[in-house]
Amino acid sequence: MCGIFAVFGYNKSHTRDTLLKCSKTIRHRGPDWNGIYINDETKVCVCHERLSIVGVNKGAQPIYDCPFNKNYVLTVNGEIYNHTGIRDIVLQDRYDFTTDSDCEVILPLYREFGTKFLNMLDGVFSFALYDVTENSFLIARDPIGVNPLYYAVDLDGGVCVASEIKAIREWSRTVDIKIFPPGHFMTRNLELQRYYNPKWLLGESIPKYNMEVSDEAICQKIRESLTKSVEKRLMADVPFGVLLSGGLDSSLTSSIASKLVKEGKNRNWGSHVHSFSIGLEGAPDFLFARK
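Numbering-wise (my numbering), the sequence shown opens with residue 11 and increments by one.
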């Protein structure tokens, strides 16, 4: 959980200090590091409040395509689960990475594919990217909307985007703050465009249930899909744990995570998963969580 804050077209009343104050309102989201990019000529500010999960020692944000030119500036709250595959298969050796962040793949993908790369990402994210060469920007949120994102446009056409409402409200007390919709992106034309278009959303017919498929095959497919989903979320360079309520969902995912860790997935933090439970004394959830 990091915090992002960016303004594209701030007015004369704002300075580096006032913009940092806006970003500081969400510092609880990322106490490990804070960074800021300011361009006084184009009136652009990109801030990041970092919670280190991947690339702890070499993953500070904002991320630049090149430390010297800084043609592209990126701030991300999220995790890109397939970043290794993108590096090895899609990008190969066409880009020199400057950090160990899983999110840096967004920069070369944008450079090569424009906005079309968004469907290549497997992850949860909200990000703001500033294209210095075109004086343009790209704001996007993951398909389901796991990571929060809000935006507002002032009377002068300035665009502010942030992980929480309070940062935008610090920027302006009068703007109308809106939720940035999941599965969408926005560029400098300020139009929200959907990039995530599954069949069920487009109204296309969904294949009917295949009565010839055995229950065993269906259960196996569900098991494999759920296991893969849990496994990719174990991606971390810091200790991690699970919030265990004792209900079906958390018990199932915790059991899978525990099994994967014992099998050697993410060996950085031993062979056991730490669990945490919250509830009232004597609640039945505690009993089932302990079991």
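In case anyone wonders, no lab produced these hints; they're calculated from the structure. None of these values were measured; they are calculated from a predicted model. Any given hint could turn out to be false.
Each computed DSS-like pair below joins lysine-lysine, with the alpha-carbon atoms no more than 25 Å apart [claimed, not checked]:
1) K269 to K231
2) K269 to K53
3) K231 to K218
4) K126 to K209
5) K242 to K269
6) K53 to K34
7) K218 to K188
8) K209 to K176
9) K218 to K242
10) K176 to K188
11) K31 to K176
12) K188 to K22
DEER-style ranges, computed between Cβ atoms [stated by the list, open to error]:
13) K53 to L290: 28 to 38 Å
14) G167 to N129: 24 to 34 Å
15) T184 to N81: 31 to 41 Å
16) S287 to T52: 47 to 57 Å
17) D50 to I228: 54 to 64 Å
Where a beta carbon is used, it is the ideal one built from N, C-alpha and C, also for glycine.
Results for each hint:
Of the pairs offered as hints, the one joining K269 and K231 holds, with about 18 Å between alpha carbons and a cut-off of 25 Å not exceeded. Taken as a hint, the K269 and K53 pair is broken in the structure, with Cα atoms around 51 Å apart against an allowance of 25 Å. Of the pairs offered as hints, the one joining K231 and K218 holds, with about 17 Å between alpha carbons and a cut-off of 25 Å not exceeded. A C-alpha spacing of about 18 Å is found between K126 and K209, which places the hinted pair at or below 25 Å, so the restraint holds.
Only pairs whose Cα atoms come within 25 Å are accepted, and K242 paired with K269 is accepted, the gap being roughly 14 Å. At most 25 Å may separate the alpha-carbon atoms for a hinted pair to count; K53 and K34 meet this at roughly 19 Å. At roughly 38 Å between alpha-carbon atoms, K218 and K188 are farther apart than 25 Å, so this suggested pair is violated. Using a Cα cut-off of 25 Å, the hinted pair K209 and K176 is violated, with the two alpha carbons roughly 36 Å apart.
With a C-alpha separation of about 30 Å, the suggested pair K218 and K242 falls outside the 25 Å cut-off, and the hint is violated. With a C-alpha separation of about 12 Å, the suggested pair K176 and K188 falls inside the 25 Å cut-off, and the hint holds. As the CA atoms of K31 and K176 are separated by approximately 11 Å, the hinted pair is consistent with the 25 Å bound. Restraint check: the Cα-Cα separation between K188 and K22 comes to about 24 Å, which is no more than 25 Å; the hinted pair holds.
In this structure, K53 and L290 break the distance hint of 28 to 38 Å, their C-beta atoms being roughly 51 Å apart. Judged by the Cβ atoms, the range 24 to 34 Å given for G167 and N129 holds: they are separated by roughly 29 Å. A beta carbon spacing of about 34 Å between T184 and N81 agrees with the range 31 to 41 Å that was offered as a hint. Between S287 and T52 the beta carbon distance is about 49 Å. The supplied range of 47 to 57 Å therefore holds.
The hinted range of 54 to 64 Å is satisfied by D50 and I228, whose Cβ atoms lie roughly 59 Å apart.
In terms of the numbered hints stated before, the structure departs from hints 2, 7, 8, 9, 13, listed from lowest to highest.
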